[in-house]
Each structure stands twice: as C-alpha cells, then as structure tokens.
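Trainee: Sequence:
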Amino acid sequence: MPPDVESFNPAGVVHGRQPMPDGSFLSFLSDRQWKRHFVGRGDSRVHPAGDELPVGREDGAVHIVLGGCVARERTHLRTKLVRFRGVGQLLGEANLVGSHAGGRTVCLGDTWVMSLTTARMHSVLTRQPDVQMALLRSLEARNRSDEMIYGTFGRPALARVGALLYHLATVSGKKDPLGVRIAGIRQTDLADALLVGRSTVENAFKELKALGVARSGYRQIVMTDMDGLAELVWPPRS
1 MPPDVESFNP
11 AGVVHGRQPM
21 PDGSFLSFLS
31 DRQWKRHFVG
41 RGDSRVHPAG
51 DELPVGREDG
61 AVHIVLGGCV
71 ARERTHLRTK
81 LVRFRGVGQL
91 LGEANLVGSH
101 AGGRTVCLGD
111 TWVMSLTTAR
121 MHSVLTRQPD
131 VQMALLRSLE
141 ARNRSDEMIY
151 GTFGRPALAR
161 VGALLYHLAT
171 VSGKKDPLGV
181 RIAGIRQTDL
191 ADALLVGRST
201 VENAFKELKA
211 LGVARSGYRQ
221 IVMTDMDGLA
231 ELVWPPRS
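All residue numbers for the sequence shown refer to our numbering, where the first residue is 1 and numbers rise by one.
Derived by calculation from the structure, the hints in this document are not laboratory data. All values reported here derive from a predicted model rather than from experimental measurement. Mixed in with the good hints there might be a few duds.
Restricting the straight-line Cα-Cα distance to at most 30 Å, the calculated cross-link-like pairs of lysine-lysine (DSBU-like) are [as the list claims (entries may be wrong)]:
#, residue 1, residue 2
1, Lys209, Lys174
2, Lys35, Lys174
3, Lys80, Lys174
4, Lys209, Lys175
5, Lys206, Lys175
6, Lys206, Lys80
7, Lys80, Lys209
8, Lys35, Lys80
9, Lys35, Lys175
From just these sequences and the hints, can you work out the full model?
Mentor: So this is what it looks like as structure tokens:
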C-alpha cells in the first residue's frame with residue numbers, strides 16, 4: 001500500500017496548528033512566516049520507507065521534513081556517520097552555500113517532505129531576515145543536540161541509547177496505545193549512529209525493556225514510559 005499523507009495530519013501542519021519539535025527550523029517560524037513563504041511554494045511528497053531523498057548538489061533544492069524521519073549517512077575516514085533528522089528540520093542546507101555534503105539520506109519510515117529550489121530559498125532568506133534567523137537558530141540548536149546525543153562517548157551505553165531513543169520519539173514518534181512509536185528504526189541504525197557495536201545496543205535495549213520503558217517489534221520501537229526514560233537518561237540532581 002502506498003504511503004498516505006493523511007496519516008501526517010496535513011491540515012494541522014499546513015495551517016500551523018501542529019506543534020513542531022523544539023529546536024527545529026519550523027519551530028522558530030511564526031505561523032505567518034510559514035504560510036506566507038512556504039505553504040504552496042514547494043513540491044510536497046510522501047516517500048515510502050527506504051526511499052533515498054535526492055539531497056545533494058545536483059539536486060539544487062532544500063527539503064523540509066513535515067512528517068516522519070530520515071537517516072543522514074556520510075562516510076569519513078572509512079567510518080560511517082549517521083544522524084537522524086525528524087519533523088521540522090531543513091535538509092540540504094549545504095546547497096545554500098554552494099557546497100556538497102555527500103552521503104545518502106534515507107527515509108526510515110513513510111516520510112512527508114516539502115522540497116524548494118535553492119533559488120526560492122535564497123530569495124526568502126535574503127528578503128526575510130526573520131526567516132534567516134530562524135534557520136540559523138535551528139542549525140545552532142541542531143549542533144548542540146548532536147553534541148549531547150551523538151558525542152557523549154563517556155556516558156554509559158544505557159544512557160546513550162536511551163537519549164537517542166528519547167530524541168527520536170520526540171522528533172518523529174507517533175502516538176501508540178502503548179506509548180510513542182518510532183517507525184522504521186533498527187538496532188543496527190542506533191549502533192551506527194552512536195558508533196558502537198550492535199551487541200552494545202542490544203544489551204542496552206534489553207535493560208530498557210526490563211525497566212519497562214521500551215518495547216520492540218519489526219522495524220519499530222515503542223517507548224512505553226517517556227517520563228521514566230527521561231529520568232533514567234537525565235537523572236534529577238539530588
């Protein structure tokens with residue numbers, strides 16, 4: 001069955017009624033800016049799980065994730081680097097400065113994306129300083145988030161895996177009878193993102209399940225207790 005845009009609450013997104021994850025590009029835009037400069041200005045499409053987005057210099061576009069999540073894959077010194085980008089994030093920002101990041105951008109699950117030409121995005125950024133500031137703030141927030149999620153090598157594996165799952169549930173999760181469902185994710189993806197072995201992720205996830213904060217299924221993970229997970233990952237100071 002082809003992916004259905006209705007599963008992403010398009011009316012809520014288009015009219016600015018759906019809250020966007022903190023720190024994302026869309027979270028920094030006002031409803032007026034969103035409707036005036038973006039709604040109806042780009043091509044929107046729902047990509048199925050496993051689809052590779054054409055993010056690159058030859059694409060000549062930037063992309064805004066409106067629903068779902070993608071894995072941004074790059075290789076550096078023969079090491080695979082993975083970063084997950086969820087709802088509200090802008091992809092392909094390197095195109096705006098004539099650069100090329102390389103790598104692949106793969107949809108973890110069904111993913112709704114709006115694409116705009118770099119010429120269109122440049123026009124908006126040049127004429128609208130508030131939109132430019134929203135983009136800069138989102139990129140700074142993304143850098144800080146990446147540092148806290150992917151770069152905390154000194155933390156225990158349980159905390160690192162838990163922090164990444166909490167992040168994914170926040171930026172791309174959907175409500176589920178059991179909690180918050182993260183679709184399309186595999187433990188291998190988590191291992192690649194955190195630069196650890198798969199067995200490390202498996203052991204950490206077993207502990208998360210034993211603690212009652214997570215459950216797993218085929219290419220999906222359900223976070224059954226987000227508050228409990230947050231306390232586990234970021235314990236309150238005594």
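Trainee: Next, verify each hint and record whether it holds.
Mentor: Checked hints:
no.: 1; hint: Lys209 x Lys174; verdict: 19 Å, holds
no.: 2; hint: Lys35 x Lys174; verdict: 24 Å, holds
no.: 3; hint: Lys80 x Lys174; verdict: 28 Å, holds
no.: 4; hint: Lys209 x Lys175; verdict: 19 Å, holds
no.: 5; hint: Lys206 x Lys175; verdict: 22 Å, holds
no.: 6; hint: Lys206 x Lys80; verdict: 25 Å, holds
no.: 7; hint: Lys80 x Lys209; verdict: 28 Å, holds
no.: 8; hint: Lys35 x Lys80; verdict: 38 Å, violated
no.: 9; hint: Lys35 x Lys175; verdict: 26 Å, holds
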